[in-house]
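Chains L and H are the protein sequences, given in the same order. Oh and the first sequence: position 77 is 76 in numbering that gives the first Met the number 0, straight run, nothing missing. Oh and the second sequence: position 53 is 52 in numbering that gives the first Met the number 0, straight run, nothing missing.
Any given hint could be a false lead.
Now the in silico label distances, taken between C-beta atoms and shown as ranges [to be verified]:
| id | chain 1 | residue 1 | chain 2 | residue 2 | range |
| --- | --- | --- | --- | --- | --- |
| 1 | H | Ala38 | L | Gly120 | 38 to 46 Å |
| 2 | L | Glu109 | H | Leu56 | 27 to 35 Å |
| 3 | H | Gly52 | L | Glu73 | 36 to 44 Å |
| 4 | L | Pro113 | H | Arg20 | 14 to 22 Å |
| 5 | L | Asp14 | H | Gly25 | 31 to 39 Å |
Examples of chain H residues lying across from chain L (beta carbon under 10 Å, computed) [stated by the list, open to error]:
| id | residue |
| --- | --- |
| 6 | Asp8 |
| 7 | Cys11 |
| 8 | Ile19 |
| 9 | Asp43 |
| 10 | Trp47 |
It is worth saying that the hints were derived from the structure and are not from the lab. From the three backbone atoms N, C-alpha and C, an ideal C-beta is built for every residue, glycine too.
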Amino acid sequence: MANKMTLIVFSGTVDKLMPVGILASGAVAMGMEVEIYLTFWGLQAFRQGAPQQVTKMSAEYEDMAPMMMQLMKEKNMPSWYDTLKQAKELGTIRVHACAATMDLMGMTKEDLDPMVDDIVGVAEYVEFARESEITLFM
Amino acid sequence: MDRTVDARDTFCPGPLMELIRAVKEGEVGEVIAVWSKDAGSQRDIPLWIEKAGHELLAVNEKEEYNEFVIKKLR
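Given these sequences and hints, build the entire structure.
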């Protein structure tokens, strides 16, 4: 069995993207490879220029968003994007864009943040998940 | 001590990630200290050291943080 973790990143809000960066860091630290599959709103957060601008929280926690953003700023918490980027420098993390979402939104590779490695179809995602000991839907 | 990583201002998993970076950059046999006060790394750092095959020489409790002293073995 490959020593691998797969994250399906469906959500594009700060509260869901933060654990993506942190879990990927932990997996890399423990010697695992990480496959990140970006789809729907998760992929929107990785549009060119978008990662630095995501400030939304999940709708059910919307009232808490200003307080959370304030605390993160005050305590100098690194952004989810920087956390993920640093983890990617330390280990093997591949970031994949969902081909169906790309087509639906009329996006090309040039519209995406440089952290995205490639565009893959769902069958390839299933292969990643099959090889993984951990798969999480975010 | 060959190098000291002051990670007292970072959150989980920041201190662990900074330690890993320092260990990667260092030479085998180097002794590295990491300062951390985040609760996660108090358990994560020893766990990682064991898993990665290095040696935890000491955990020194300071007033507001802990100092982990690691020897790079490989």
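Evaluation of the provided hints:
At roughly 41 Å, the beta carbons of H/Ala38 and L/Gly120 sit within the given window of 38 to 46 Å. A hinted range of 27 to 35 Å for the beta carbons of L/Glu109 and H/Leu56 is inconsistent with their spacing of about 50 Å. Our hint of 36 to 44 Å for H/Gly52 and L/Glu73 holds, since their Cβ atoms are close to 38 Å apart. The given range of 14 to 22 Å is respected by L/Pro113 and H/Arg20, whose C-beta atoms sit roughly 21 Å from each other.
Against the hinted window of 31 to 39 Å, the Cβ-Cβ separation of L/Asp14 and H/Gly25 comes to about 36 Å, which satisfies the hint. The criterion of a C-beta within 10 Å of any C-beta in chain L is met by H/Asp8, whose closest approach is roughly 6 Å, and the hint holds. Taken as an interface hint, H/Cys11 checks out: its beta carbon lies about 7 Å from the nearest beta carbon of chain L, inside 10 Å. Interface hint at H/Ile19: satisfied, since its Cβ lies 6 Å from the closest Cβ of chain L, which is below the 10 Å cut-off.
The interface hint given for H/Asp43 holds, since its Cβ lies 7 Å from the closest Cβ of chain L, which is under the 10 Å cut-off. Residue-level restraint check for H/Trp47 holds (minimum Cβ-Cβ distance to chain L is 6 Å; threshold 10 Å).
The structure does not agree with numbered hint 2 stated previously, though it agrees with all others.
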